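Colleague: Below are the chains, spelled out letter by letter.
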Amino acid sequence: MQMRIAVEGCMHGDLDNVYATLLHLQEVQNIKIDLLLCCGDFQAVRNEKDLESLNVPPKFRSMNSFWKYYSGEKVAPFPTIFIGGNHEASNYLWELYYGGWAAPQIYFLGFAGVIKFGNIRIGGLSGIYKSHHYNMGHYEKLPYSEQDIRSIYHVREYDVHKLLQIEEPIDIFLSHDWPVGITACGDLKALLRQKPFFEQEIQEGTLGSKPAAELLGKLRPSYWFSAHLHCKFAALVQHEKDGHSTKFLALDKCLPGRNFLQVIEIESGPGPHELQLDEEWLAITRKYNAVFPLTIKNANYNSVHLGTEQCLQFVRNKLQTRGSKPFEFVQTAPCYKPSQPVADGVFHGFYKNPQTEALLQFLELEYLLNKMPESRKPAANLAPLISGCSFDYLGEDIPIDDIDDTEDSKEVDPEYAQEG
Amino acid sequence: MDESEKRKERLNAMRMEASQSGDYNEAVGYGGLTNPLTDVPSGNVESYAMPRPRFDYYTDPMAAFSANKRSNNQPHVSPQVSQQCYTRATNPQSPICTPRGNYSVDQRSQGVHHTFNPLGNPGQNSPFGIPQRGSPSAWNNSFDTPKNYLPPNSSMGGNFASPGIQRGGRPGFHYGQGSGQPGSGYGGSPYQGSGYRGNPYQDSGHRGSPSQGSGHRGSPYQHSGNRGSPYQGSGQGRSQWRGNSSSPFSFRGGRRGGRGSHGGTSGESRPDLYYSKSMVEDPWKELKPVIWKAFPEKPWLPHSISAKKAKFPDAPVKSISQQSLAECLAASFNEAASSEAATDGSGT
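Note that the protein sequences, when read in sequence, are chains A and B. When you line the first sequence up against the UniProt record's numbering, it's residues 1 to 420, in that order. When you line the second sequence up against the UniProt record's numbering, it's residues 1 to 348, in that order.
Simulated from the structure, these hints should not be mistaken for laboratory data. Treat the hints with caution; some may be incorrect.
[To be verified] Beta-carbon label-pair distances, calculated as ranges:
| no. | chain 1 | residue 1 | chain 2 | residue 2 | range |
| --- | --- | --- | --- | --- | --- |
| 1 | A | Lys189 | B | Ile291 | 12 to 22 angstroms |
| 2 | B | Ile291 | A | Asn298 | 30 to 40 angstroms |
| 3 | B | Ile291 | A | Ala290 | 34 to 44 angstroms |
Note that this is a predicted model, so its numbers are computed, not measured. The beta-carbon is built from N, C-alpha and C at its ideal position, and this holds for glycine as well.
Can you build the whole structure from these sequences, using the hints too?
Modeller: Put into structure tokens, the structure is as follows:
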């Protein structure tokens, strides 16, 4: 049996169009798609309040189409798994830090996570890498400041550290930004013809994510998919260690004429397939949750007292009792009502997600997500740091509404040019 | 005024010359004078026998673009194609991979074990055969078909009823949503009592499990009852592409669903514009494996590209030995900061 998995680049809340394209593809190719993977910028915006946690310029803040799937007006025609990027309803994704259903049929992999679909093991790392936040904890809390809203999706070492503990093989891995150095393993000239302004960053070794590159070398998945740079780029990586290879593919965002979708086939057991919690990942989660860093300080791994094998056995026993099905979707925030604008202050934007609570209860772990440590004053603590740095937060804030560049890809890329 | 007269005379002369050469009409017809900004006289358009189709570009900018896109696309396939058969296609370029089956690290020593197979010849070259991990069943039994969907009846947070969830339900895959679903109970909402009305995937056929390989589904793109949706209507008009102010699809900034169709043609009304055959072709077929070095000692670029870089003189670097400690720190900081700013620059 073969499983057909569709992969999409940046979603940007455009679920309607992506699903419609896939339905069309099914008909034209006379095939059935079993699963859709999305590589970030999903924009799981449930209502107007969520837009306040979405890092896009105000004029581009629009509901797009995820809310229909959250509210139940529509149901995804394909099981969908996604990671976060740098344009997200970060308040909602934080609710589901450990992963969970963002909507029926639509599963968020978590800030870092591994899940199984049938016999396919899928891992992912949400966000993008920025060195200045990498060694900090997840200090951001609602309501997000202007700085928080841009840092909350920056990859943290803690999440990468957990992923690096994985020993069992991964079939597919998702990251929003590309592993740094990946451009050396594909048709670089073609890439530079399409995106000539990448040259300097490639030359300097700064195009992409260092932790993603580290994970690629460690996990050596069969496939690695990314997005973020709004272009299609394939690479073929051979790992020195064992000769195993990884097929890398970055994809574009959903626009007419753009390479935003790819269908691959993977050998699998007979379907239909279901999503299952991953035993090893749950064990890693259990092991490291006690040092979950919720201030600007990184985790203190010396305080990890649980052994890996001990956690594995614990999770194995639990899963045998309960089964490996993820916890059920539950709406938390109110649904968007186009006819009824929500007045400011009516609801807050952060909820204890019952899925997260259930998972932590299952793992016998403490719920930490909305704890506000006394020492946590991120804006105040970081002010000197941030004001002292000249890194360009706004550099990530590329207007995503770049429909006009469809004809101009050979010219200076407007997405980049607009950054200044 | 004099210049205008001279220009007219010059253009008349040019036109006469072109007519006498015998290829005037051909040149115009094939766009030899296609750039009106440079070639059309500003004061006397009427006297210039520009063919009308070229001028359509202004009133319908996407006329040229869409036509071009269509010509580049694969032949349009009618959405009436039945999905009843999920037999393997015979696209020889579709990528295929064998998963790692049981997760034994030892298997890695067997080398690259995912190979590309034509869709019509599945499973070959797989050293592992068909993995038998887990007990496959329906995609998460917690999922329900839309007919059992009961949206929440409250608008505030808290413990809502779980939509789309039914213990032991048979999810299958939903190819579009059926119409006439139960009312949602959104007080005052346009969805009240309408269920999934207006779903652009409005399904005329069954939506049973495709694994059953039976049943015919009508066009999934039929539109009905969109109650003012931006996707209302056919969306076929070429001038609607960009969603400019004259477009009926212009809803940027509007409250209803945002700009979900990219300012004009949605994938629901014209999925063929979004679809490309390359989506099912092997993107790695031309590539050779490259040994992975995540952090090469020197940033890697091909010689041809590196050579180009050398054309740009490096900024003069002040000797560190001549700098004070403060200057050293400032220089280090600026270097790090500019590096990060550059890194910020590429993505979205």
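Colleague: With respect to the beta-carbon atoms only, verify the hint that Ile291 (chain B) and Asn298 (chain A) lie 30 to 40 angstroms apart.
Modeller: At 32 angstroms between Cβs, range holds.
Colleague: Please test the hint of 12 to 22 angstroms on the beta carbon pair from Lys189 (chain A) and Ile291 (chain B).
Modeller: 19 angstroms, holds
Colleague: Using the Cβ atoms, figure out if Ile291 (chain B) sits within 34 to 44 angstroms of Ala290 (chain A).
Modeller: Since the Cβ atoms of Ile291 (chain B) and Ala290 (chain A) sit about 39 angstroms apart, the hinted range of 34 to 44 angstroms holds.
Figure legend: structure checked against the earlier numbered hints; every hint is met.
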